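Chain A is fixed; fit chain B onto it per the hints.
For reference, the chains in residue letters:
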Amino acid sequence: AQTVTQSQPEMSVQEAETVTLSCTYDTSESDYYLFWYKQPPSRQMILVIRQEAYKQQNATENRFSVNFQKAAKSFSLKISDSQLGDAAMYFCAYRASGGSNYKLTFGKGTLLTVNP
Amino acid sequence: DAGVIQSPRHEVTEMGQEVTLRCKPISGHNSLFWYRQTMMRGLELLIYFNNNVPIDDSGMPEDRFSAKMPNASFSTLKIQPSEPRDSAVYFCASSLDYRETQYFGPGTRLLVL
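So the sequence lines, in the order shown, correspond to chains A and B. So the first sequence is numbered by the numbering used here: it starts at 1 and just counts up by one. So the second sequence is numbered by the numbering used here: it starts at 1 and just counts up by one.
Looking at chain B on its own, in the form it has when it is part of the complex:
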């Protein structure tokens, strides 16, 4: 069974550009999470979806960040405009239910120059 799929695996962009990260959760999982990992702050939850509906976006840093889940098999995290401080590894994770174990994708390493 395929795990969580993320694309791209690496992204290098210039400050001010729009960045879109993509995630395909494990089939049948109804909970999806976006995390950001930095050296300074460790792993932080950005947003949580349940049955495609955003439940908790309190971790989204600011209005430059937005996330969508148009259907059960696809989610995007968008940064517009991007800034150098957004450089980090972004993980998507999914779980069968919000109470179940979260399984992580391979992450997207973002570098904003």
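Chain A with its partners taken away, still in its complex shape:
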């Protein structure tokens, strides 16, 4: 079974600085998708970024980028120029592709605090 591990229960960063959140996963699949979701205090689950495993180029969305290391099964999220609004719980998620794979497997989350 696939598992997703977020080894940092909590992280903090100063406003305008850069922070990296870690995620590792375990799978025997060769093709899959990885996601980072953000959950602010409002509890809304917001998609931050998505990476297809077959793409070697790391995904980027404005201040958010990932470091995808397929061989190491690592998928870290970098937040540049951190803003107060980035404070949230961040979840890493995995989904196999192909066949009838639809199930998202989530990590336990990392609580990010942004200090002014």
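Calculated directly from the structure, the hints in this document are not laboratory data. None of these values were measured; they are calculated from a predicted model. Certain hints may be false.
Stated by the list, open to error - Straight-line alpha carbon distances no greater than 30 Å define the calculated BS3-like cross-link-like pairs of lysine-lysine that follow:
hint, chain 1, residue 1, chain 2, residue 2
1, A, LYS108, B, LYS78
2, B, LYS68, A, LYS103
3, B, LYS68, B, LYS78
4, A, LYS55, A, LYS103
5, A, LYS103, A, LYS73
6, A, LYS108, A, LYS70
7, B, LYS24, A, LYS103
8, A, LYS78, A, LYS55
9, A, LYS108, A, LYS78
10, B, LYS78, A, LYS103
11, A, LYS108, B, LYS68
12, A, LYS73, B, LYS68
What follows is chain B alone, placed relative to chain A:
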């Protein structure tokens, strides 16, 4: 374009009462998912619908839980009778197709006293 809509946002009820949670997926999405989030177990998939048909309900905790999707724009998750251990945040998510990205609603925070 409106996102996934869930109601109510908060529900407080007493043990033994029936609870119904509602979800309106994004228009045009044919896949709908119900998740439960607790501190102990994190986010768990309860049930998945494709084109209004339940495909996988293996995550439904027990017979007290039931879900329906009578049409493409509406789904319900019902708990009867409710128990304190059902207290959690329940999310509905939809996707264009089961292979596409899932978009979540704001969640319903359920407290069973």
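We went through each hint and held it up to the structure:
1. Annotation: proposed proximity of LYS108 of chain A to LYS78 of chain B holds, straight-line Cα distance about 26 Å (limit 30 Å).
2. Using a Cα cut-off of 30 Å, the hinted pair LYS68 of chain B and LYS103 of chain A holds, with the two alpha carbons roughly 19 Å apart.
3. With a C-alpha separation of about 8 Å, the suggested pair LYS68 of chain B and LYS78 of chain B falls inside the 30 Å cut-off, and the hint holds.
4. Between LYS55 of chain A and LYS103 of chain A, the direct Cα distance comes to roughly 21 Å. Compliance with the 30 Å bound is thereby established for this hinted pair.
5. About 18 Å separates the Cα atoms of LYS103 of chain A and LYS73 of chain A, which keeps this hinted pair within 30 Å; it holds.
6. Of the supplied pair hints, the one linking LYS108 of chain A and LYS70 of chain A holds, its CA atoms being roughly 21 Å apart against a limit of 30 Å.
7. Our distance criterion of 30 Å between C-alpha atoms is met by LYS24 of chain B and LYS103 of chain A, whose separation comes to about 20 Å.
8. Restraint check: the Cα-Cα separation between LYS78 of chain A and LYS55 of chain A comes to about 18 Å, which is no more than 30 Å; the hinted pair holds.
9. A C-alpha spacing of about 18 Å is found between LYS108 of chain A and LYS78 of chain A, which places the hinted pair at or below 30 Å, so the restraint holds.
10. Only pairs whose Cα atoms come within 30 Å are accepted, and LYS78 of chain B paired with LYS103 of chain A is accepted, the gap being roughly 21 Å.
11. The straight-line distance between the Cα atoms of LYS108 of chain A and LYS68 of chain B is roughly 28 Å, inside the 30 Å bound, and the hint therefore holds.
12. Restraint check: the Cα-Cα separation between LYS73 of chain A and LYS68 of chain B comes to about 37 Å, which exceeds 30 Å; the hinted pair is violated.
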